[in-house]
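Work out the full structure, taking the sequences as your base and the hints as a guide.
Residue numbers (the numbering used here), protein chains in the order written: chain G, 1 to 277; chain B, 1 to 319; chain S, 1 to 427.
Be aware that one or more of the hints could be misleading.
Stated by the list, open to error - Going by beta-carbon spacing under 10 Å, a handful of chain S positions derived as facing chain B: (1) 187; (2) 199; (3) 200; (4) 252; (5) 398; (6) 405; (7) 407; (8) 422; (9) 424.
In case anyone wonders, no lab produced these hints; they're calculated from the structure. By construction, the Cβ of each residue, glycine as well, lies at the ideal position given by its N, Cα and C atoms.
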Amino acid sequence: MNTKAWLRWGGWGITLLTILGIGVTLLPYFWMVSSSLKTGAEVFELPIRWIPQEIQWVNYPDALSRGSFGTYFSNSFIVAVAVTASNVLFCSLAGYGLAKFRFPFRDLSFQLILCTLMLPLEIVLVPTFLVVQQFGMVNSYGGLIVPLAVDAFGIFLMRQFIRDLPDSLIEAARLDGCSEFGIFWRIILPNCKPALGALALLSFRDNWDQFLWPFVVAASDALKTFPLGLAQMEGIDSAAYHEIMALAVMGMVPMAILFLCFQRAFVRGIALSGLKE
Amino acid sequence: MGRKPGSPKEKAAVAGRFARLWQWTAWPSSLSHRNRLCLAGVFFVVPALIHLVVFKFYPLLEAFRLSFYRYDLMSPPTFAGLANYKSLWENPLFHQSFWVSVKYMFGVSIAEWFLALGLALLLNRAMAGRSLIRLAYFFPIAMSQIVVAMVWKFMYHPHGLVNIILEFFGVDRINWLSTEETALPSLIAIGIWRGIPLFGVIYLAGLQAIPKDYYEAAMIDGAGVFQRFIHITIPLLLPTILFVMVISLLSAVKVFLNPLVMTEGGPNGTTRVLPYFIYETGFAYFRMGEAAAASVVLFVLVFGLTLILLRLLRRGDVQ
Amino acid sequence: MKRYLAARLSFCLVTLLMSTFAFSQKTTIIWWEHSNPPHNNYSKELVADWNAKNPNTPAQYEFFAMTPYFKKLTAALSTRSAADMFTLIDTLMPSYTTKNALAPIRPEWLGYKSLDDMKAHYVPGALDGYIYQGKLYAVPVVASVFSLYINAKHFREAGLDPEKDYPRTWEDIGRIGKKLVKMKGNKMDREAFDFAMHSSTWTMWYFNALIRQYGGEILDASGKKCTANSNAGVSAMKARAMFVLDYKISDPTVSVGTNALPADDLPKERISMFITHAGSVAQFGPEVMKDMKVVPFPQVNPQKPVTPIYGFAIAVNPQIPEAKQKLVHDLIKHVTKDPKGWYEKTSYPYPSKNFLELPGIGEARKTRYLDVFMTDITNGRFIQRSPQILEINGAIHRAMERVVLGGENPKKSLDQACKEINAALAR
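Spelled out as structure tokens, the structure:
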């Protein structure tokens with residue numbers, strides 16, 4: 001077959017794969033949404049009934065009434081935004097430092113930073129809790145936010161991304177007399193939009209979904225976050241799954257909105273056509 | 001600093017000291033250019049580093065120190081030397097766990113490396129409804145992990161969706177989560193399903209950063225699609241690829257919510273990943289010291305792999 | 001590092017000072033529970049009631065997700081930041097009592113003359129699960145038991161009379177099951193009977209009762225040696241597996257790790273007989289219960305019945321001062337003073353001795369099988385107490401899986417389990 005035919009078949013093939021991929025991706029989500037509109041008994045009916053017999057819109061307000069979900073949602077939001085903002089700032093600072101500067105023990109610091117990613121929270125749970133306790137931050141917003149304020153994941157991401165930026169940009173700015181922080185703020189950051197967007201999105205998601213740490217730190221209802229509220233809907237072996245699914249659907253809304261907002265960061269690339277090598 | 005309101009002489013001395021301190025905050029112009037850059041680099045990194053040392057690194061070291069103690073979380077720890085490590089070595093469950101983790105880790109990561117790149121390449125092209133398609137693909141990221149476990153447990157039910165589709169194609173029903181051969185692959189599939197959008201986002205960011213000019217120049221030179229991919233995309237994407245490889249391994253090795261909720265480590269321990277073993281030993285069996293020892297082993301494994309990857313992909317790393 | 005140490009010490013000092021200062025003001029009692037929708041709301045009502053009557057010593061009620069609850073509790077106890085009183089499931093008692101993590105309960109503070117007096121007010125054996133070395137460490141709020149639920153409709157369809165022909169022994173189940181099972185080709189379409197296999201705790205609830213019915217025990221009297229591989233144990237394992245391997249009325253791969261709710265197969269009519277706990281009556285709801293009937297837990301020897309029971313109880317934090325512990329006892333007294341209220345609001349039976357004679361209970365005795373449950377509770381024994389209970393559960397569960405799923409010889413499987421259990425007990 002000649003190239004043209006290959007491309008045409010390839011094009012169809014890719015379209016088909018795309019549709020299939022979307023299907024596989026979205027099927028669980030569809031089941032979730034449809035379950036959120038069923039009665040409790042219908043949820044686990046087999047064979048699967050996709051359209052509920054009678055759409056139970058009432059599940060949504062019912063689910064919200066099972067706990068102070070207004071509080072849980074806003075706490076999740078506060079914590080996720082705070083941690084994301086902190087992450088974006090400190091990780092890009094650190095990533096820039098690791099990517100474009102040379103100082104003694106640089107690579108060692110980087111490896112140590114990576115080390116903090118290597119163990120699940122369960123193992124360091126009690127020691128971390130003790131540290132937070134020393135600072136008097138147990139059962140407070142500080143305890144929820146501060147320990148998560150910097151994550152090595154973000155540092156690694158920004159470092160990799162900033163490495164790619166041409167040194168010439170930075171040198172030129174230095175020659176112009178720009179301060180180091182000025183270079184960071186005015187040259188580096190604007191050119192990192194895709195990475196910053198990715199970091200903000202993933203950081204927000206990670207913190208929105210955080211369960212174990214808030215679970216251990218929050219001892220009062222006023223401080224609980226959304227995942228905690230969701231988890232406590234389950235009892236020993238009884239749970240209103242239709243309401244849990246309704247809550248889960250509501251929980252996905254902030255992420256979806258955020259993603260749509262950050263779309264633009266993924267569309268713009270770097271236009272360096274003006275730069276003279 | 002003196003606190004008492006003092007004589008003019010004292011005040012002047014205080015003011016002088018203050019002024020000198022203030023001078024320190026201004027850029028030390030006495031240093032050479034290279035040293036100044038060095039210092040600048042340090043200042044950029046230090047805030048994050050301090051935070052990580054206090055909240056992540058110190059607890060990590062504490063956890064490692066505990067591996068040499070017997071600790072049941074209630075009574076004070078007692079020194080036990082290498083007893084915990086010996087216990088682990090003699091525990092067949094630990095060995096099984098270790099290999100289950102290795103299988104899970106590589107099963108999920110390697111698939112993610114390639115499939116996520118494919119997804120990103122796909123979504124990088126201009127096409128109708130791109131925003132919506134992207135949104136559709138990224139939904140799994142937005143789903144809470146607890147809900148993912150619930151939903152997929154149901155998908156894998158003997159009468160569930162996966163089997164329904166199989167039966168449509170004439171394949172016999174498989175009991176995914178309760179058969180030894182299929183339990184771990186089932187969980188790996190979920191890990192991949194959730195990981196692809198996550199790393200797709202990162203790859204996408206990386207692809208977006210490659211200047212279009214390079215592609216245009218190459219096209220003018222007559223390079224084909226495949227050649228452009230090999231000679232432009234891959235080399236410029238190498239830092240991102242390295243990132244994805246390391247992070248996917250590190251994420252996969254920490255996962256244990258799904259085995260916990262969906263299969264309780266079974267059947268016959270085929271889904272008991274090492275973090276699950278560690279959590280069980282520490283929090284369920286109250287043998288925190290042994291759990292810490294197992295986590296040291298886990299750490300060494302992961303650290304080693306990371307080092308290897310960093311070395312292998314030096315090209316994506318060298319400045 | 002030194003500076004950090006100094007900072008730590010000074011923070012400790014400050015927090016200590018602040019906490020003693022806090023004590024001189026209104027005393028709040030903090031009560032933690034795990035999430036269990038049927039009873040959390042009632043607990044909240046009780047607390048609101050207490051707060052109305054005791055404005056100077058308010059109680060603060062918090063509940064947390066069920067599965068990681070004990071993780072949080074352990075971490076909190078370990079870092080001295082736990083609540084004043086907390087609810088525990090009985091199986092976890094030894095994990096905490098053997099480490100002096102719970103304060104002993106004073107029966108005098110609850111209005112009884114002594115522990116024996118308190119025991120007399122409960123169904124015999126109801127407090128055993130919470131007693132360690134002669135002292136009581138928690139006060140029960142809920143007692144539950146496992147009984148046999150049968151689908152009366154299926155019985156009638158098969159020409160059996162659910163009122164007379166229900167199984168009393170395990171062999172009965174096998175025999176009757178053969179008439180109830182439905183096959184589709186060579187895959188089982190409707191099981192006649194099965195055990196839940198999704199959790200090692202459930203497996204232990206069944207197995208412990210079985211081995212006792214055969215006259216044995218999982219551990220010896222000292223609790224230091226595994227006796228699960230005795231003849232009684234082997235018989236118990238054989239009984240556990242015979243519905244799959246011999247009678248062929250069970251398909252284990254259908255229920256392993258698949259059901260979100262362990263008793264879900266029953267209301268969906270995928271199974272005709274299933275052993276589940278007393279709370280399922282309320283869970284299923286009156287619609288489903290119309291076709292169901294509850295009968296006593298099956299026995300090896302109906303003359304010497306043994307059933308598995310479990311419960312939740314409130315324990316007291318030993319790290320709080322004595323005066324506060326007394327206050328906590330008052331709150332516990334308040335919470336447990338109305339067994340009928342508990343049952344009506346949560347549908348969990350209460351193990352008090354005169355429960356069935358309480359005014360107004362008669363209705364429930366007739367329509368919600370309360371008689372069956374209370375009989376089973378009276379014949380009930382808690383799971384073997386051991387701080388290593390979770391490891392023991394795991395070993396037995398794995399042994400059961402090997403036999404039921406892999407067809408391994410029961411004696412060999414239990415020998416292996418005992419090897420693992422002895423190793424765990426020795427550590």
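Right, here's what the structure says about each hint:
Hint on residue 187/S holds. Least Cβ distance to chain B is approximately 7 Å, under the 10 Å limit. A distance limit of 10 Å between C-beta atoms decides the matter here; for residue 199/S the minimum to chain B is near 6 Å, and the interface restraint holds. With a cut of 10 Å, the hint placing residue 200/S at the interface with chain B holds, because the nearest CB-to-CB distance is about 7 Å. Using the Cβ-Cβ criterion of 10 Å, the hint placing residue 252/S at the interface with chain B is satisfied: the shortest such distance is roughly 7 Å.
With a cut of 10 Å, the hint placing residue 398/S at the interface with chain B holds, because the nearest CB-to-CB distance is about 6 Å. Below 10 Å, beta-carbon pairs count as interface contacts, and residue 405/S has one with chain B at about 6 Å; its hint therefore holds. The beta carbon of residue 407/S is not positioned within 10 Å of any beta carbon in chain B (closest approach about 13 Å), and the interface hint is therefore violated. For residue 422/S, the suggested interface contact is broken, since its CB lies about 13 Å from the closest CB of chain B, more than 10 Å.
This hint holds: residue 424/S has a C-beta 7 Å from the nearest C-beta of chain B, less than the 10 Å allowed.
The structure shown violates the earlier hints numbered 7, 8.
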